[in-house]
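Trainee: First to last, the sequence lines map onto chains A and B.
Residues in the first sequence are numbered consecutively from 1, following our numbering.
Residues in the second sequence are numbered consecutively from 1, following our numbering.
No wet-lab data here; the hints were simulated from the structure.
Don't take every hint at face value.
Because identical chains cannot be distinguished in the list, a pair is counted as satisfied if it fits within a single copy or across any two copies.
Pairs of lysine-lysine, DSS-like flavour, derived with a Cα cap of 27 Å [said to hold, decoys possible]:
1) Lys248 x Lys335
2) Lys7 x Lys335
3) Lys248 x Lys363
Here is what each chain is made of, one letter per residue.
2 protein chains.
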Amino acid sequence: MSPLRVKTISAPLAPGATIGILGGGQLGRMLAQAAAQLGFRTHIYSDETHPCAFDVASSHTSSRYDDEKALNVFAQSCDVVTFEFENVPDETVRFIEGHVPVAPNGRALGLLQDRLAEKNFVAGLGIPTAPFRNVESETEAREAFAALGGGPAILKTRRLGYDGKGQRKIASADSCVRAFLDFGAPSILEGFVSFEYEASVIAARARDGAFAAYDPPKNDHENHILRRSTVPAPLDQARAHEAVAMAKTIAEALDYAGVLGVELFVTKTGLVVNEIAPRVHNSGHWTLDACLVSQFEQHIRAVAGWPLNDAARHSNAVMENIIGTEADAFASFAKNPAGLHLYGKGEARPGRKMGHITTLTPKA
Amino acid sequence: MSPLRVKTISAPLAPGATIGILGGGQLGRMLAQAAAQLGFRTHIYSDETHPCAFDVASSHTSSRYDDEKALNVFAQSCDVVTFEFENVPDETVRFIEGHVPVAPNGRALGLLQDRLAEKNFVAGLGIPTAPFRNVESETEAREAFAALGGGPAILKTRRLGYDGKGQRKIASADSCVRAFLDFGAPSILEGFVSFEYEASVIAARARDGAFAAYDPPKNDHENHILRRSTVPAPLDQARAHEAVAMAKTIAEALDYAGVLGVELFVTKTGLVVNEIAPRVHNSGHWTLDACLVSQFEQHIRAVAGWPLNDAARHSNAVMENIIGTEADAFASFAKNPAGLHLYGKGEARPGRKMGHITTLTPKA
């Protein structure tokens, strides 16, 4: 795939225009619904046969992400293209960028697909991260473990991990080497950060540089999967402002257009950036029910060259994921006075995100 | 079309089931989006070639409402069927009822499609209506005008009117005859009701008889088209309860499942029912932004045999329709800190509802 000159958007897209979305999971599904609310058509491109986003989109294509012919037809049908997951091959995005504007930009995506590049980028902005070392050999595996003080650490593949996949806890130099050999891929060793809890900033940046962030939620995980987001997080105001400022610095440095999720460790001594997701984020799903404008609508607004809208929330919220066979209890969820969102996925595989449910309480 | 035995639903439909919707306008579109949120698939049936609801539905059929073959295929693909407009031929609904459960039921639809039957039904429940007379001949036209006291009145066709179509103001017996001859169809003469303002109740009734109503909005019309709904209406609490009680009485008498809209005149001496819409209603669109659960979700819940959800609103709201070429100013609407909903309709014909915008304020 030969990268061509990158296309950009100059005026806000008119309703009736088509927004292309790479990826057909629940994030693509909720993006397509937000796009439809603003009068846009959507075209979903996925390498799955019938992903759940197809059911709510105006049109869809099922093909490989390196199928240039299909990508070309897809690009021709769209006025702008975005993506719903960070593991879409960045070559795919760069190919499409030659035909039609893409947001967020392929450079930002490429950078954030590599945990090492991401960490170097964040650290280069003067923003705290976990201590980290590159691991591309057995020797580096040993050296990295020693360099991080020989304490507990986590080895992660540099690419393609999610929900704890491609991650392993490391307690010795030997186990670091074994994990690296098991992964068989360039990895990064991260020192363990002792945190009080995890939080995140869901923020949007428009093409004109405008920025809007939702109040940070506190995030609880189970088995490496997000269990629950509670907003507001118990951050004092100065800390909350600091968290949002970090997200703004990151978005500006990436010349970002769209929504991004910045995962944070809240420690006794300050905030540490854990990970940046160049997309709408699971810990922002509560915005569908607790805000006038959800993260999905903000993303579509940014992608379409529209102004962002107010990110204020009208209620406090607790968002709980519905995972795997938990979805079988739909009749019990249906009884809750809560915002219920089911993703229309057929098979309730273990660990699969099937939906979420958000409970609101009045803002204090 | 031969009416068969009517099918009913016994258990709540599981996510993944398909909800059929007759009609492909903005109401069908917003119903399809609500259905998708709960994990349902949708199949839209419309006699238009590409109505706006097709763009957000899992599948769609474009054919005539008397095409038994297409209706049969449609019915086979659905687990339950509903409709988004009251002018779907009731023969169509009764045909489908023989194959798959339909909600609201065809009997309620048939009754409410005829303004005379509707008025007789409401009056029979002891609920005030405007004075009315049936007009099926020139003689009846004269007699009706005299019987209503010779004052200002409105002649309406008994069937198929909406947004002021098939309606004419009458000031004399002669003009009543002329209007009747122009319409060339059975009509009803309604005495003019001197009202302070119009309000409406948007209410849902579940298959198990549970009932939930939103707080009544005040509705302002321009050129016979709804311009704006403001919630809450300036009704005192007793009057608001009375309005909701009327809607409940009506829904129960119809053995109704789904959302219905009851339009009311608020007069110095009390409430008068103007019209009943057996469907989600334009004056309930604010529920999308001001409530956890919108009228569209309530309707889908009722249709799918699910429990209703809480109809409380978290904010006060003003919903304004975007009509005809007003939609060209999308870039200006996009700047408002408001809930913007555009229906993805191609052509901005005069009087055509292209979208709506809802402004929220905190509840007093």
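Trainee: So, for every hint listed, does it hold in this structure?
Mentor: So, going through the hints one by one against the coordinates:
Taking the shortest Cα distances, Lys248 and Lys335 sit within 27 Å of each other only across copies (21 Å), while inside one copy they are farther apart (39 Å). When the C-alpha separation of Lys7 and Lys335 is checked against a cutoff of 27 Å, the pair qualifies only between copies, where the shortest distance is 25 Å, while the shortest distance within a copy is 48 Å. For a Cα distance limit of 27 Å, the shortest separation of Lys248 from Lys363 inside one copy, 25 Å, qualifies, whereas the shortest one across copies, 32 Å, does not.
Violated hints for the displayed structure: none, as all numbered hints are satisfied.
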